[in-house]
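Protein chains: 2
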Amino acid sequence: MEREVKVVIYGMGEIGKRVVRALSEKKGVKVVGAIDIAESKIGKDVGELAGLDRKLGVVVSPNVDKVLGETKPDVVIHMTQSYFKKVFPQLVKIVEYGANVVSTCEELSYPYIVDENLAKKLDSLAKEHGVTILGTGINPGFLMDTLVITLTGACVKVNKIKVTRVINASTRREPFQRKIGAGLSVEEFNDRIKKKIISGHVGLEQSIALIASALGWKLDKIVVEDVKPVVAEKEIKTDFLVVKPGQVAGLMQIAKGIAEGEEKIILDFRAFVGASEEYDAIEIDGLPPINEKIVPCVHGDWGTVAMVINSIPKVINAPPGLKTMKDLPVPSATPVDLRVCLKS
Amino acid sequence: MEREVKVVIYGMGEIGKRVVRALSEKKGVKVVGAIDIAESKIGKDVGELAGLDRKLGVVVSPNVDKVLGETKPDVVIHMTQSYFKKVFPQLVKIVEYGANVVSTCEELSYPYIVDENLAKKLDSLAKEHGVTILGTGINPGFLMDTLVITLTGACVKVNKIKVTRVINASTRREPFQRKIGAGLSVEEFNDRIKKKIISGHVGLEQSIALIASALGWKLDKIVVEDVKPVVAEKEIKTDFLVVKPGQVAGLMQIAKGIAEGEEKIILDFRAFVGASEEYDAIEIDGLPPINEKIVPCVHGDWGTVAMVINSIPKVINAPPGLKTMKDLPVPSATPVDLRVCLKS
Chain V
1 MEREVKVVIY GMGEIGKRVV RALSEKKGVK VVGAIDIAES KIGKDVGELA
51 GLDRKLGVVV SPNVDKVLGE TKPDVVIHMT QSYFKKVFPQ LVKIVEYGAN
101 VVSTCEELSY PYIVDENLAK KLDSLAKEHG VTILGTGINP GFLMDTLVIT
151 LTGACVKVNK IKVTRVINAS TRREPFQRKI GAGLSVEEFN DRIKKKIISG
201 HVGLEQSIAL IASALGWKLD KIVVEDVKPV VAEKEIKTDF LVVKPGQVAG
251 LMQIAKGIAE GEEKIILDFR AFVGASEEYD AIEIDGLPPI NEKIVPCVHG
301 DWGTVAMVIN SIPKVINAPP GLKTMKDLPV PSATPVDLRV CLKS
Chain S
1 MEREVKVVIY GMGEIGKRVV RALSEKKGVK VVGAIDIAES KIGKDVGELA
51 GLDRKLGVVV SPNVDKVLGE TKPDVVIHMT QSYFKKVFPQ LVKIVEYGAN
101 VVSTCEELSY PYIVDENLAK KLDSLAKEHG VTILGTGINP GFLMDTLVIT
151 LTGACVKVNK IKVTRVINAS TRREPFQRKI GAGLSVEEFN DRIKKKIISG
201 HVGLEQSIAL IASALGWKLD KIVVEDVKPV VAEKEIKTDF LVVKPGQVAG
251 LMQIAKGIAE GEEKIILDFR AFVGASEEYD AIEIDGLPPI NEKIVPCVHG
301 DWGTVAMVIN SIPKVINAPP GLKTMKDLPV PSATPVDLRV CLKS
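So the protein sequences, as listed, match chains V and S.
Letter by letter, the first sequence follows residues 1 to 344 in the working numbering.
Letter by letter, the second sequence follows residues 1 to 344 in the working numbering.
Check the hints yourself; a few may be wrong.
Copies of the same chain look alike in the list, so a pair counts if it fits in one copy or across any two.
Unchecked claim - Capping the alpha-carbon separation at 20 Å, the derived lysine to aspartate or glutamate pairs in EDC-like fashion look like this: (1) Lys293 <-> Glu4; (2) Lys26 <-> Asp285; (3) Lys293 <-> Glu277; (4) Lys27 <-> Glu96.
Hint data in this document are derived by calculation from the structure and do not stem from the laboratory.
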C-alpha cells in the first residue's frame, strides 16, 4: 500500500483520545474521521479534543453513515461499549461500508461464548465484504490471554495455567481509586456492587475461552466469581484519599476454566491502593514449567492504545473474517511509518 | 484433516529422540520414517532408539529419497545442522517431495541475512510445491526473538531492547559443563576458542534480524562479539567438577543491532556454573516500558522440542513459502490430539 492508511475513530473517550495522540506521531496513517454521540464533543476538532497542540482538520460527527460514506476508511478503530450484542449493529454498519475493524469491545475478543450464531453471522458478513474484524486490547487481548498462549508455545505439555494481574491503584488517578471502591466500608462496597455502581472486569471469561480455544481444550464451564473487596490491614494514604484498617482498598475478581472437575485455567485480577508490588504473572504448570512475570504491571491505557494501533497492519493484511488474537501473526509494535508493514 | 498427520524425523540426535518421545504421547500424529547417517543408528527401531519401551515399527534409514518417497510425510522435522547453506540441499529435496518442513537449523530462523538469494530461491520453490518451511527452536526461535516481538505488541513506541539469557550450568549434565569450558584456565579457554573447540551460540544474529524485521527497523549492522569466558570469583563445585577462583566458570556472548550509531537491540547470552539465578529477561525501553522475566530460564532442550512440535499445525495451515516465526500465528501448545488444530 503506497498511500496513507485511512483511519476513522469511533468513540472519542479517554482511549480514543490517546489513540489519536499516538497516531499523530506515526507516518503513513491519517485520521480521516471521528464519530461520537456526546454533545460536548460534536463539531470539535479531533486534534484539539485529543489534547494535541494543533488541529487535524477533522471534526467529530455523530453521523456514522456520513463519516464512513464520505471518508471510506481502511480501518475503523471502534471504542464504544464492552458488550458484544450492544456493539453488533455498529460493527455490521462498519463492515457494510467495507472497512476493517479493530475494536476494544471486551466481549468481541472472543464473542463465540456470548452468542455463537451472532458471531458466525458477523464472520460471514465480514467475509462477504472482504474485511477483517478483531477485538483486542491489553486485557482482554494480551496480558491474560495472548501472552499466555504465546508462552505455552514453549511447552510440550500444559497441565494448568494461573494468571495474576495486580494493579497498585495508589499510582493511578483519583477517579480510578474511587471506581474500585478505595476508602469505602465493606458494607458500602457490597451495596455498590449490588447496585452495579462498582462492576467487575469485563473479559475474564473471554480470556479463558480464548486460551482454551488455542490449546484445543474442551472446558466444561467457565466460572466468573463475584467481585470481592480487598480489605486494608493497615492505614493506606494516597494523594487523594485515606483508607483505614478494615476499610476497602480496592477490588479483586477470580475466574476459572474447569474441565473434568479440575481448575485448568485460573485468572486472578486485583486492583487496590497500597499494593506492595504491581505485576502481571503467568505460571504454566507444564513441561517445561514456565514462570513469567512483568514488573511493574503493564500500563492499562497505553497498553490498550498500543494493542489497537499495532493491530492495524495485521487486520489489513489478514484474510477476511471475524478473527481473534490467536488467529493473527504474533503481535508486534508498528514502525514509525505504518506503510512498511503493509503488503503491497 | 481427518487422518493422522504423518511425520518424518530427519536427524535422530538428542533433540530428535526427544521429539519422538513427545510425539508418542500425542494422538493424531504418526512417525512414519526416520533419517540419519550415523552407522550406529541405521536399521534401529525409532522407538527403541528414542528410549521408548516399545518399538514403533519404523527403522532409521540413511536413504532420504527412499524414506520421503515411500512415506509421503505431511511434515519433516529437520534437525541436522546449524548453517543455512549446509542444509539448503537437504531442504530442497524435502520440498521437492512435497513435504512441509520444521527445522531447528539456527540460521534458517532468519536466513535472509545469510544469503538473501538462496532464501528467496527456497521461498519460490516452497510456493511452487505448495509447502511451508519454518526455522524455529527455543533460541533462536522464541526466547530472544519471537517472545520479544510479542511483548512489543503492547508498546506504542519502542526505543531500545535488551534481552538476557542466563543458564546456570551447575544444574546441567557434565558434557554441557565441559562444553562451555567450566574448569579451564582462561588461557586454555581462549586456546579452545581459537581452535573452534569451544564455539559461540549460533543464532544471535538471526534473532536480532528477526526482531528488526518485525518492527520495521533498518539496522546499519549487527555486531556479534567474540565469545568470552566468565571467570569464577570464588570456588564453585558441581557434581562433576571444581572451578577455582580465576578459572573459567563458563562463557558469555553479546550481540548488538545498531542503527544510526545507537545500540537498538542487545542480546546477552551466558552459560556458566555457579550462576546465582538462571533466567530469561526482556527489557523494552518504550511506551509503556516492559520489564519481563522468566525464572528459572526455560529448559533449552524441552523448549526446542516444544517449539518444533507446536509448529506442526502452524506450518500445515500456513500459506506456502519460506516463513519466519513473525509470519505465523502466535505460538501455542498443541492439544493432545493434533488433528484438532488442523483446518479441514
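Status of each hint after checking the structure:
In this assembly of identical chains, Lys293 and Glu4 lie within 20 Å of each other by CA distance neither inside one copy nor across copies; the values are 38 Å within and 37 Å between. In this assembly of identical chains, Lys26 and Asp285 lie within 20 Å of each other by CA distance solely across copies; the values are 18 Å between and 40 Å within a copy. In this assembly of identical chains, the alpha carbons of Lys293 and Glu277 lie at most 20 Å apart whether taken from the same copy (12 Å) or from different copies (15 Å). In this assembly of identical chains, Lys27 and Glu96 lie within 20 Å of each other by CA distance neither inside one copy nor across copies; the values are 28 Å within and 43 Å between.
Hint violations for this structure: numbers 1, 4, all remaining hints satisfied.
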